[in-house]
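Taken in order, these protein sequences are the chains called A, B, C and D.
Taking my numbering, the leading residue of the first sequence gets 11, the next gets one more, and so forth.
Taking my numbering, the leading residue of the second sequence gets 11, the next gets one more, and so forth.
Taking my numbering, the leading residue of the third sequence gets 11, the next gets one more, and so forth.
Taking my numbering, the leading residue of the fourth sequence gets 11, the next gets one more, and so forth.
FYI, nobody ran anything at the bench for these hints, they're computed from the structure.
Computed from a prediction, not measured in an experiment: that's the story for all the values here.
One thing to keep in mind: the hints can contain errors.
Since the list gives no way to pick one copy over another, a pair counts as held whenever it fits inside one copy or between any two copies.
Claimed, not checked - Here are the simulated DSS-like pairs of lysine-lysine, each with C-alpha atoms no more than 25 Å apart in a straight line: (1) Lys176 to Lys91; (2) Lys50 to Lys149; (3) Lys52 to Lys267; (4) Lys312 to Lys38; (5) Lys236 to Lys261; (6) Lys261 to Lys312; (7) Lys261 to Lys91; (8) Lys15 to Lys68; (9) Lys236 to Lys312; (10) Lys310 to Lys261.
There are 4 protein chains.
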Amino acid sequence: MDSLKIGVIGASGYTGGELVRLLINHPKVEIVLLSADRQKGKFIEEVFPGFRGLRLPKLEPLDLSSLSQRVDLCFLALPHKTSMEVAKVLIQDGKRVIDLSADFRLKDARLYERWYGVHSCPELLKESVYGLPELYRSKIRTARLVANPGCYPTSVLLGLLPLAEKRLIEGRIIADSKSGVSGAGRSLREDLMFTEVAESFRAYQVLEHRHLPEMEQELENLLGEKPQLDFVPHLLPINRGILSTLYVNLKVRMSEKDLYELYLERFSEEPFVRVLEPGSFPSTSQVRGSNFCDIGFKVKEKRAVIITAIDNLIKGASGQAVQNLNIMMGWPETTGLTSLPLFP
Amino acid sequence: MDSLKIGVIGASGYTGGELVRLLINHPKVEIVLLSADRQKGKFIEEVFPGFRGLRLPKLEPLDLSSLSQRVDLCFLALPHKTSMEVAKVLIQDGKRVIDLSADFRLKDARLYERWYGVHSCPELLKESVYGLPELYRSKIRTARLVANPGCYPTSVLLGLLPLAEKRLIEGRIIADSKSGVSGAGRSLREDLMFTEVAESFRAYQVLEHRHLPEMEQELENLLGEKPQLDFVPHLLPINRGILSTLYVNLKVRMSEKDLYELYLERFSEEPFVRVLEPGSFPSTSQVRGSNFCDIGFKVKEKRAVIITAIDNLIKGASGQAVQNLNIMMGWPETTGLTSLPLFP
Amino acid sequence: MDSLKIGVIGASGYTGGELVRLLINHPKVEIVLLSADRQKGKFIEEVFPGFRGLRLPKLEPLDLSSLSQRVDLCFLALPHKTSMEVAKVLIQDGKRVIDLSADFRLKDARLYERWYGVHSCPELLKESVYGLPELYRSKIRTARLVANPGCYPTSVLLGLLPLAEKRLIEGRIIADSKSGVSGAGRSLREDLMFTEVAESFRAYQVLEHRHLPEMEQELENLLGEKPQLDFVPHLLPINRGILSTLYVNLKVRMSEKDLYELYLERFSEEPFVRVLEPGSFPSTSQVRGSNFCDIGFKVKEKRAVIITAIDNLIKGASGQAVQNLNIMMGWPETTGLTSLPLFP
Amino acid sequence: MDSLKIGVIGASGYTGGELVRLLINHPKVEIVLLSADRQKGKFIEEVFPGFRGLRLPKLEPLDLSSLSQRVDLCFLALPHKTSMEVAKVLIQDGKRVIDLSADFRLKDARLYERWYGVHSCPELLKESVYGLPELYRSKIRTARLVANPGCYPTSVLLGLLPLAEKRLIEGRIIADSKSGVSGAGRSLREDLMFTEVAESFRAYQVLEHRHLPEMEQELENLLGEKPQLDFVPHLLPINRGILSTLYVNLKVRMSEKDLYELYLERFSEEPFVRVLEPGSFPSTSQVRGSNFCDIGFKVKEKRAVIITAIDNLIKGASGQAVQNLNIMMGWPETTGLTSLPLFP
């Protein structure tokens with residue numbers, strides 16, 4: 011069978027680079043196009059020197075008029091607001107799109123506007139599928155446009171999913187999340203300099219991070235009511251990894267064994283979710299470099315603590331995008347995603 | 011005036027070393043005795059090579075029979091269960107003691123027993139003063155035995171103090187705390203090796219850390235009822251620093267400005283508590299190497315998030331112990347503690 | 011074709027774990043046996059929680075009497091002095107062995123004795139092949155016993171190879187090497203605790219590290235005379251990676267372009283050596299997680315500086331071992347080793 | 011006695027901030043003026059939030075016309091090329107100046123031009139004193155203009171000083187130096203982002219770093235001939251610290267004890283140089299936060315390795331500047347510099 015022709019739009023950022031790293035060893039695809047406006051004309055190894063020696067097409071400026079003729083499917087690793095126009099054209103031309111930006115995650119254009127700005131193709135919001143395979147696998151199969159979830163939402167939603175869809179939680183939900191620095195992308199910001207981050211730890215955008223509405227939307231779907239969700243992200247002095255500590259109130263008394271069985275059953279067919287036996291807790295180093303999401307928990311009366319860990323660039327971004335690709339194409343879901351965590 | 015003769019018992023651990031580092035520049039004291047059973051006979055610079063060149067007495071094994079004749083006041087930087095016997099002898103001999111272990115923090119000997127083991131001198135529990143200056147300054151002045159608070163409790167209690175003593179909070183309190191590795195002491199443990207901790211992040215002792223009862227005791231005093239406190243500590247890949255993110259439910263609606271003013275007023279006379287203007291949040295790197303506790307917050311309806319940062323070895327241990335010394339001796343409270351944070 | 015039956019002896023250390031991580035995705039082998047005396051009876055995921063979910067045989071104590079019946083080929087990831095006895099038995103039983111310890115690297119049993127202790131099977135030293143593919147590929151093909159090079163020697167020898175084998179260097183050679191902490195193995199040592207290593211940097215075993223004789227032996231072969239080699243290892247506060255800065259005196263004047271062409275030609279057929287264009291220098295992060303060795307250089311008159319970077323656990327240990335496996339079996343040399351560097 | 015009125019010009023960078031941190035606890039000075047063009051109008055705590063609570067004058071734009079009336083002495087923590095004009099005015103007005111830039115370190119204006127650009131006040135180059143107290147103490151006492159050494163040169167020159175001034179070395183000298191990230195200043199550069207530096211290590215400006223001519227100049231003075239010096243700087247994933255590994259050829263055979271005694275004697279009166287007993291080697295963590303330079307060494311035949319460690323922001327910049335201030339004013343040299351290393 012011929013390889014699927016893949017374009018990566020926005021290949022010079024961290025999620026773009028991670029897509030290239032994963033796709034290069036994917037047996038069923040060929041990267042035929044890499045675009046990156048600011049780095050156009052360069053080889054990808056000039057932007058990611060670790061990729062030295064790869065024979066890949068040069069980075070080129072985005073040309074929407076020819077794009078659809080050259081690719082079968084595109085990953086968009088662009089900033090939000092930039093992505094939507096590209097997706098629109100590709101979809102119109104009958105191509106399938108996996109968008110890693112926030113542009114198609116929120117179903118409500120007004121909500122998008124409040125957090126990001128005006129949406130130029132709100133009609134696509136209805137069609138797009140939120141790309142969390144553990145929740146929307148069957149829709150992803152046939153989707154033309156997959157909105158790959160944010161890194162924080164992935165770590166929070168997977169941790170709450172089994173309880174939320176059984177409507178076993180009530181009241182205030184707290185998501186205290188901690189992310190490695192690559193989650194902020196490759197932007198040049200003073201607060202992300204080594205000297206500002208190393209040997210340091212802090213919270214940021216307390217209760218007002220842009221990933222909040224995305225979590226609220228999906229939790230509302232699951233719970234049947236608007237959740238009371240407090241989300242506080244923190245910046246970890248590590249490159250990769252998100253650990254979310256989730257605090258919920260259970261509607262009924264459940265033991266740790268009860269929770270363990272509930273989660274084990276819910277995720278029994280999931281190739282990338284690992285439920286930890288009671289007493290064990292996840293660590294970002296145990297998922298680093300892999301597409302796994304590890305989940306552990308603790309219960310005290312009706313108060314539960316659920317802890318999840320992912321690699322923000324893989325299960326939190328590019329790995330999940332490849333997982334969605336596999337689902338869309340009917341390939342085994344782990345294709346190209348079999349790397350075990352790199353430790354130490 | 012003659013210098014106060016100080017003994018540091020347990021000088022080879024991190025809190026012991028930090029005491030030496032602080033006291034050596036304290037203008038009113040002289041370190042006359044350093045003990046460390048396992049390192050006896052060595053110079054302190056063999057245990058802390060950075061102290062090379064200091065002219066200090068050699069580390070010696072603990073000799074309880076002569077100890078009281080040689081010192082005016084002792085800092086005990088010993089493991090819990092070891093400390094109580096030493097304190098007892100010193101107090102009987104009329105010396106004053108600042109104990110950095112957990113041995114005299116809990117007022118209830120049965121509670122101590124449940125978390126640490128049998129207490130051999132429960133009669134001293136009544137007398138000992140919990141050494142949080144912001145709460146017990148006047149008692150500390152005249153105390154013979156000060157129980158220096160744990161690092162996590164310091165970061166949690168200072169964050170909750172103004173709200174708790176006004177009884178403005180109700181229901182579940184969540185303390186999601188993150189600590190640098192030095193908080194675990196200088197013990198040789200596989201899970202504290204560089205390769206296990208660097209580029210990693212994890213929770214531990216979820217809802218069952220030994221610092222919990224100490225927090226509950228003090229919060230109960232403030233609130234007038236047993237608190238519903240969930241405490242989850244996490245291990246940060248940094249050397250020093252604790253950041254605690256505290257989630258509380260307010261009894262009444264308060265704006266961020268209300269909270270700011272409440273905290274500002276409560277801590278207006280405190281030399282080491284810095285209340286951050288709304289919109290700013292603390293960072294461990296902004297207190298590293300100093301005795302400061304920085305506090306910031308965010309409110310959404312009646313849900314408040316309070317964030318505190320301390321250097322766990324200073325305000326969380328040895329610096330607070332020196333602050334207590336200053337209070338006990340009637341010296342200016344900042345004596346020997348004027349170092350600004352080391353950044354970067 | 012049936013899979014090759016592989017045993018990993020010493021599977022609980024970092025090189026053992028890394029072998030498992032690489033071999034699990036190797037299409038031509040099956041891990042049939044994992045041994046680890048101290049961890050016997052455990053699943054590998056209890057020792058490497060990141061491997062959670064792998065279905066691999068339990069760790070078992072080493073049983074030399076049955077070993078040869080169960081495996082086709084063994085990797086020995088044992089401490090030096092322990093390895094030799096196991097290798098001897100396997101070789102006698104007609105099995106092939108890739109030994110990651112130092113036991114078969116030195117050809118001279120007396121030299122081994124000076125650095126490590128008495129050698130119990132010196133007759134095997136003649137037969138063993140030093141497993142640096144770039145130097146001994148043809149001998150490795152047919153070897154029964156491959157002595158996988160040390161991590162530091164790999165980084166130093168690959169950097170000197172083109173110049174040394176052309177005898178273009180003279181006088182003092184300086185190898186100033188810096189290694190991540192995983193190079194020290196998984197041993198519980200105070201000087202490898204997070205708090206001792208993070209935010210710190212130091213040299214150790216200056217001019218007397220055990221990897222010195224191994225480098226001297228191979229350089230002497232290349233140069234035709236005993237080299238004057240000064241080797242100073244340093245400990246980097248990172249998990250993985252060795253960067254070696256090599257200072258040599260050239261016999262003749264050469265430009266950077268001359269060196270570039272010499273290296274480019276020498277390594278043109280090598281799948282894992284990447285020669286950097288003049289003006290570029292390697293970084294450990296550009297090889298992390300891959301089997302690459304990157305080489306850059308700078309020349310000033312007849313003084314050259316050559317800089318190499320490898321991942322110490324991959325090209326410096328387990329990846330090179332798998333490369334040797336591929337060569338021994340006649341498989342494509344990159345089989346199972348196609349991962350690109352993980353960045354950031 | 012009245013406090014000396016101090017101005018810090020360029021207070022928003024790392025060396026400026028470190029000057030403030032040190033001077034605030036210096037008993038004989040008062041900071042009366044802080045300038046920082048780009049941050050003018052801000053409080054220093056907006057630029058260094060860790061300084062929160064200090065009552066210091068606001069950052070102001072530099073006003074050369076009034077500067078001299080307001081200060082007794084100025085520290086210039088400006089970029090090179092910017093510093094010279096400010097120094098010129100201050101010196102003309104009879105003020106004393108400690109310049110932390112490179113502008114007055116090189117005695118030869120043409121050499122300055124080659125590395126930095128045209129010098130606008132070459133006449134001051136003759137007058138300025140190179141501010142390495144261990145070498146120029148008596149000249150510093152009466153100097154009007156002190157050129158504070160670079161961080162790398164401090165670490166290299168102190169290591170070579172005793173051998174060089176006795177002319178005991180010959181041939182190629184290699185300085186393999188490794189610096190923490192704060193050495194690069196507070197500039198916003200992609201290669202200094204956390205994600206680029208953490209878990210990474212690399213060399214840069216190999217054999218062509220701007221600190222080379224400064225080392226060559228001072229070594230030539232000591233050796234009586236132009237040195238053959240190869241300097242390779244590397245970037246360490248730490249905030250603070252430089253470790254330099256120096257390789258020299260001895261003219262005569264010397265034992266480690268010989269070197270030890272030579273260094274011990276040479277530095278016996280130096281308050282900030284600590285010579286380590288043979289067998290011990292320095293570590294950046296053993297000098298972090300202090301003004302110490304630690305020196306250790308190893309000898310093999312006539313090849314010596316000398317290793318030095320400093321905190322680049324203290325002995326390598328602002329601490330040495332304060333040391334120079336103390337010398338210029340006839341104060342005890344350790345005034346304001348008594349902090350012990352912060353460990354861990």
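A quick look at each hint next to the structure:
{"no.": "1", "hint": "Lys176 to Lys91", "verdict": "neither (35 Å within a copy, 47 Å between copies)"}
{"no.": "2", "hint": "Lys50 to Lys149", "verdict": "neither (35 Å within a copy, 46 Å between copies)"}
{"no.": "3", "hint": "Lys52 to Lys267", "verdict": "between (54 Å within a copy, 22 Å between copies)"}
{"no.": "4", "hint": "Lys312 to Lys38", "verdict": "neither (48 Å within a copy, 50 Å between copies)"}
{"no.": "5", "hint": "Lys236 to Lys261", "verdict": "both (16 Å within a copy, 22 Å between copies)"}
{"no.": "6", "hint": "Lys261 to Lys312", "verdict": "both (7 Å within a copy, 21 Å between copies)"}
{"no.": "7", "hint": "Lys261 to Lys91", "verdict": "neither (40 Å within a copy, 41 Å between copies)"}
{"no.": "8", "hint": "Lys15 to Lys68", "verdict": "within (16 Å within a copy, 42 Å between copies)"}
{"no.": "9", "hint": "Lys236 to Lys312", "verdict": "both (21 Å within a copy, 17 Å between copies)"}
{"no.": "10", "hint": "Lys310 to Lys261", "verdict": "both (13 Å within a copy, 24 Å between copies)"}
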